[in-house]
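Protein chains: 2
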Amino acid sequence: MAFSERVTRLKSSLIREILAAAQRPEVMSFAGGLPAECMLPKVEWADMPLTLGQYGMSEGEPELREALAAEARALGVPCEASQVLVVSGSQQTLDLAAKLYIDKGTEVLLEAPTYLAALQIFQLFGADCLTVPLQAEGPDLIALRQRLEQHKPAFAYLIPTFQNPSAVRYSEASRDAVAALLDEFGVTLIEDEPYRELTFDGGNAKPIVARLNKASWIYTGTVSKTLLPGLRVGYLIASPDLFPHLLRLKQSADLHTNRIGQWQALQWIGTEHYREHLAELREFYRQRRNAFEAALQEHFADLADWNSPQGGLFFWLTLKQKLDTRTLLDAALSQDVTFMPGEPFFADPDVNHGYLRLNFSHIDPARLDEGLKRLAAVIRKAVTRQAA
Amino acid sequence: MAFSERVTRLKSSLIREILAAAQRPEVMSFAGGLPAECMLPKVEWADMPLTLGQYGMSEGEPELREALAAEARALGVPCEASQVLVVSGSQQTLDLAAKLYIDKGTEVLLEAPTYLAALQIFQLFGADCLTVPLQAEGPDLIALRQRLEQHKPAFAYLIPTFQNPSAVRYSEASRDAVAALLDEFGVTLIEDEPYRELTFDGGNAKPIVARLNKASWIYTGTVSKTLLPGLRVGYLIASPDLFPHLLRLKQSADLHTNRIGQWQALQWIGTEHYREHLAELREFYRQRRNAFEAALQEHFADLADWNSPQGGLFFWLTLKQKLDTRTLLDAALSQDVTFMPGEPFFADPDVNHGYLRLNFSHIDPARLDEGLKRLAAVIRKAVTRQAA
Numbered sequence: 001m002a003f004s005e006r007v008t009r010l011k012s013s014l015i016r017e018i019l020a021a022a023q024r025p026e027v028m029s030f031a032g033g034l035p036a037e038c039m040l041p042k043v044e045w046a047d048m049p050l051t052l053g054q055y056g057m058s059e060g061e062p063e064l065r066e067a068l069a070a071e072a073r074a075l076g077v078p079c080e081a082s083q084v085l086v087v088s089g090s091q092q093t094l095d096l097a098a099k100l101y102i103d104k105g106t107e108v109l110l111e112a113p114t115y116l117a118a119l120q121i122f123q124l125f126g127a128d129c130l131t132v133p134l135q136a137e138g139p140d141l142i143a144l145r146q147r148l149e150q151h152k153p154a155f156a157y158l159i160p161t162f163q164n165p166s167a168v169r170y171s172e173a174s175r176d177a178v179a180a181l182l183d184e185f186g187v188t189l190i191e192d193e194p195y196r197e198l199t200f201d202g203g204n205a206k207p208i209v210a211r212l213n214k215a216s217w218i219y220t221g222t223v224s225k226t227l228l229p230g231l232r233v234g235y236l237i238a239s240p241d242l243f244p245h246l247l248r249l250k251q252s253a254d255l256h257t258n259r260i261g262q263w264q265a266l267q268w269i270g271t272e273h274y275r276e277h278l279a280e281l282r283e284f285y286r287q288r289r290n291a292f293e294a295a296l297q298e299h300f301a302d303l304a305d306w307n308s309p310q311g312g313l314f315f316w317l318t319l320k321q322k323l324d325t326r327t328l329l330d331a332a333l334s335q336d337v338t339f340m341p342g343e344p345f346f347a348d349p350d351v352n353h354g355y356l357r358l359n360f361s362h363i364d365p366a367r368l369d370e371g372l373k374r375l376a377a378v379i380r381k382a383v384t385r386q387a388a
Numbered sequence: 001m002a003f004s005e006r007v008t009r010l011k012s013s014l015i016r017e018i019l020a021a022a023q024r025p026e027v028m029s030f031a032g033g034l035p036a037e038c039m040l041p042k043v044e045w046a047d048m049p050l051t052l053g054q055y056g057m058s059e060g061e062p063e064l065r066e067a068l069a070a071e072a073r074a075l076g077v078p079c080e081a082s083q084v085l086v087v088s089g090s091q092q093t094l095d096l097a098a099k100l101y102i103d104k105g106t107e108v109l110l111e112a113p114t115y116l117a118a119l120q121i122f123q124l125f126g127a128d129c130l131t132v133p134l135q136a137e138g139p140d141l142i143a144l145r146q147r148l149e150q151h152k153p154a155f156a157y158l159i160p161t162f163q164n165p166s167a168v169r170y171s172e173a174s175r176d177a178v179a180a181l182l183d184e185f186g187v188t189l190i191e192d193e194p195y196r197e198l199t200f201d202g203g204n205a206k207p208i209v210a211r212l213n214k215a216s217w218i219y220t221g222t223v224s225k226t227l228l229p230g231l232r233v234g235y236l237i238a239s240p241d242l243f244p245h246l247l248r249l250k251q252s253a254d255l256h257t258n259r260i261g262q263w264q265a266l267q268w269i270g271t272e273h274y275r276e277h278l279a280e281l282r283e284f285y286r287q288r289r290n291a292f293e294a295a296l297q298e299h300f301a302d303l304a305d306w307n308s309p310q311g312g313l314f315f316w317l318t319l320k321q322k323l324d325t326r327t328l329l330d331a332a333l334s335q336d337v338t339f340m341p342g343e344p345f346f347a348d349p350d351v352n353h354g355y356l357r358l359n360f361s362h363i364d365p366a367r368l369d370e371g372l373k374r375l376a377a378v379i380r381k382a383v384t385r386q387a388a
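Residue numbers (full-length UniProt numbering), protein chains in the order written: chain C, 1 to 388; chain Y, 1 to 388.
Simulated from the structure, these hints should not be mistaken for lab results.
Predicted model only: the values in this text are computed from it and were never measured.
Accuracy of the hints is not assured; some may be wrong.
You can't tell identical chains apart in this list, so a pair holds if it fits in one copy or across any two.
Here are the computed lysine to aspartate or glutamate pairs in the EDC-like style, where the Cα-Cα straight-line distance is at most 20 Å [said to hold, decoys possible]:
#	residue 1	residue 2
1	Lys214	Asp241
2	Lys152	Glu5
3	Lys11	Asp241
4	Lys104	Asp128
5	Lys152	Asp305
6	Lys373	Glu149
7	Lys206	Glu370
8	Lys381	Glu280
9	Lys214	Asp364
10	Lys42	Glu272
11	Lys152	Glu61
12	Lys104	Asp241
13	Lys206	Glu137
14	Lys373	Glu293
15	Lys11	Asp103
16	Lys322	Glu137
17	Lys381	Glu370
18	Lys104	Glu5
19	Lys152	Asp183
20	Lys322	Asp305
21	Lys42	Glu283
22	Lys152	Asp201
Given only the sequences and the hints, what does the whole structure look like? Please build it.
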């Protein structure tokens, strides 16, 4: 069996395995990043034209591209519809970016921690992952400058707004500083923003790509967190120098994004009923965040520290006693509770023990307290054993 | 700008450019592979459960996988639902296979001619393409044995049933011989079958993967040619040794295939109303094939030779006077007619002049005669000029 060299770096996905385990109805899962089922909006299909069954354009549906460009301009991103590429969920943007930039040994710059599925695909293509520690207001700027002085990464991949997993949102000052550094060193920015709309304090900072003067950029978003993930409709907006390459890579990947989902997305993007839905969603998740934090205070105050997330879907816990959180999974599952260990969110997992990502959007509120109580007990037991 | 080495092999897609030109309503296009609009079935969405809006499994919807496995078993392919991976159109199977097998310089074995989008993605990943000439009943078996004796390709990519572009269907004897050779040399088979259901003479030969005893295999199909391409729902079925790798690659590419299209596909696969629709579709295309062939006889008898396709969507013409058919495109477009040059379907286009692929399924019958007449005139003029 002669597979590609790449396949030697194809890891079993911890996420997939945890999510599979979480399918058992008795399991209380803090592991995934799933929207709450009850907040999936009711969608109508009756008016969809039959002609959408035909093959479509690789770029995406023209009207949807116009609508997405208008939304991005409203955020301050200078762009035209011709720069918008509709993709099969924003995961595909990572695949296209990996193909565009990464050979074996190509250096790329990531936050630590970062989104683990991005890490996986960049590593699959053979990237050497440079990292910059994430702090409460954004990346460590001294470390960022050092990396840029000492290396020439093909791109910086950043998730500045309610990052998965850490929930960090870059401050205004941090956004400006990062943009200035990327311009100074001429490094392309990939800015991933799946969680921007899920803001609990109304904050709406301008994207970093909108603060760049020279560097090339890809801005990426999705309807998966606010409308329906099952549609698999995401998008990227790229600086004009990058767009033609990304378009050809999209075409070779799957010809075009499904038109049914694109049509449904178009019924929402930029409309008043979408704004109303988003307002409800923010309020709903804000309440879930509050309830979750109250339960955390009760069960985890002695075990971990955290910042209260101002948006997104996750709490990021730092254990007071470091331990490899992957070793807790079996014990947690035996208690019908699961979570995401922090290690896989780091390029160097074995020196980054002691973090947990807990999703607060999807758990049934009636089981929240019991779930966190059980998880705390599992951790407490492991801490005690480690101390012994 | 530092792109990957791969991007130097990213060609502008001739297909995309021709299809873009063909968007002008006055253009009579024989270029694409589009189903006839009037044969797109009316689909109902009213009963789709809202829960399908949630994230799904990377493998695909369980019921759809069961239905696809049952269909494949009925063709003689020994498989279980656990071997079925639903993909975002069968183009994605090519992307996943390229990732699984191809490093720079990896040898792969293809038909000549072959599907150009397969050629493009295999070459994008750096494959060295070995080829075997296609004859009326299948590949040149002496050449195939020679290639296998002299090389060790990572896989053979074959389209044995109404190939795009040549419309060739392998005979029973050819299928057996190919399977025996791949078993003998232990070469993995990727068998691509988008056109199997579009048979005009009722032929239904067992797939080659069903005739293998030892070699690994990937069998790939789609609903794009028989239901709705805009759904972007295809599938692969793989031997159990390959499946786990393909599944992880699928997850890293786009998490999972859109569930809306999967649900719609499930409403059809294996049902009586799908069988009725397929019967109508075959009769409709058979009549279009007949009308097309009559018009070809009238306008092209002195210019080209062809075999009458027994299925699929294309005529493959061999010009009596060889010339680079790519050079005809501008002249054809100036006459508001377009077609697919044959050269891009060959790994070595510059030594394979003189073929044209003509789609017969999509053209308005009222414009068929005028379109072929204009195209013949363009070719006749070029032949005359070449002779001068």
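Comparing the hints with the structure gives:
1. For the identical chains of this complex, Lys214 and Asp241 are intra-copy neighbours only, at 12 Å inside a copy versus 48 Å across copies, given an alpha-carbon limit of 20 Å.
2. Within a single copy, Lys152 and Glu5 get their C-alpha atoms only as close as 24 Å, which misses the 20 Å cut-off; across copies the closest is 16 Å, which meets it.
3. Proximity of Lys11 to Asp241 under the C-alpha cut-off of 20 Å is restricted to the inter-copy arrangement: shortest distance 16 Å between copies versus 33 Å within a copy.
4. Both within a single protomer and between protomers do Lys104 and Asp128 lie at most 20 Å apart by alpha-carbon distance, with minima of 8 Å and 19 Å respectively.
5. Taking the shortest alpha-carbon separations for Lys152 and Asp305, neither the intra-copy value of 35 Å nor the inter-copy value of 56 Å comes in at or below 20 Å.
6. Taking the shortest Cα distances, Lys373 and Glu149 never come within 20 Å of each other, neither inside one copy (47 Å) nor across copies (65 Å).
7. Taking CA atoms no more than 20 Å apart as the test, Lys206 paired with Glu370 passes in neither setting, with 39 Å inside one copy and 56 Å between copies.
8. Taking the closest pair of Cα atoms, Lys381 and Glu280 never come within 20 Å of each other, the shortest separation being 39 Å inside a single copy and 67 Å across copies.
9. Within a single copy, Lys214 and Asp364 get their C-alpha atoms no closer than 47 Å, and across copies no closer than 49 Å, so neither meets the 20 Å cut-off.
10. When the C-alpha separation of Lys42 and Glu272 is checked against a cutoff of 20 Å, the pair qualifies only within one copy, where the shortest distance is 15 Å, while the shortest distance between copies is 30 Å.
11. In this assembly of identical chains, Lys152 and Glu61 lie within 20 Å of each other by CA distance neither inside one copy nor across copies; the values are 36 Å within and 43 Å between.
12. When the C-alpha separation of Lys104 and Asp241 is checked against a cutoff of 20 Å, the pair qualifies neither within a copy, at 23 Å, nor between copies, at 26 Å.
13. Taking the shortest Cα distances, Lys206 and Glu137 sit within 20 Å of each other inside one copy (15 Å), while across copies they are farther apart (62 Å).
14. In the homo-oligomer, the alpha carbons of Lys373 and Glu293 lie at most 20 Å apart inside one protomer (13 Å), although the nearest pairing across protomers, at 74 Å, exceeds that limit.
15. In this assembly of identical chains, Lys11 and Asp103 lie within 20 Å of each other by CA distance both inside one copy and across copies; the values are 18 Å within and 18 Å between.
16. Taking the shortest Cα distances, Lys322 and Glu137 never come within 20 Å of each other, neither inside one copy (23 Å) nor across copies (67 Å).
17. In this assembly of identical chains, Lys381 and Glu370 lie within 20 Å of each other by CA distance solely inside one copy; the values are 17 Å within and 81 Å between copies.
18. When the C-alpha separation of Lys104 and Glu5 is checked against a cutoff of 20 Å, the pair qualifies both within a copy, at 10 Å, and between copies, at 10 Å.
19. For a Cα distance limit of 20 Å, the shortest separation of Lys152 from Asp183 inside one copy, 13 Å, qualifies, whereas the shortest one across copies, 48 Å, does not.
20. In this assembly of identical chains, the alpha carbons of Lys322 and Asp305 lie at most 20 Å apart only when taken from the same copy (12 Å versus 75 Å across copies).
21. In this assembly of identical chains, Lys42 and Glu283 lie within 20 Å of each other by CA distance solely inside one copy; the values are 18 Å within and 40 Å between copies.
22. Taking identical chains as interchangeable, the C-alpha atoms of Lys152 and Asp201 are never at most 20 Å apart, the minima being 37 Å within one chain and 61 Å between chains.
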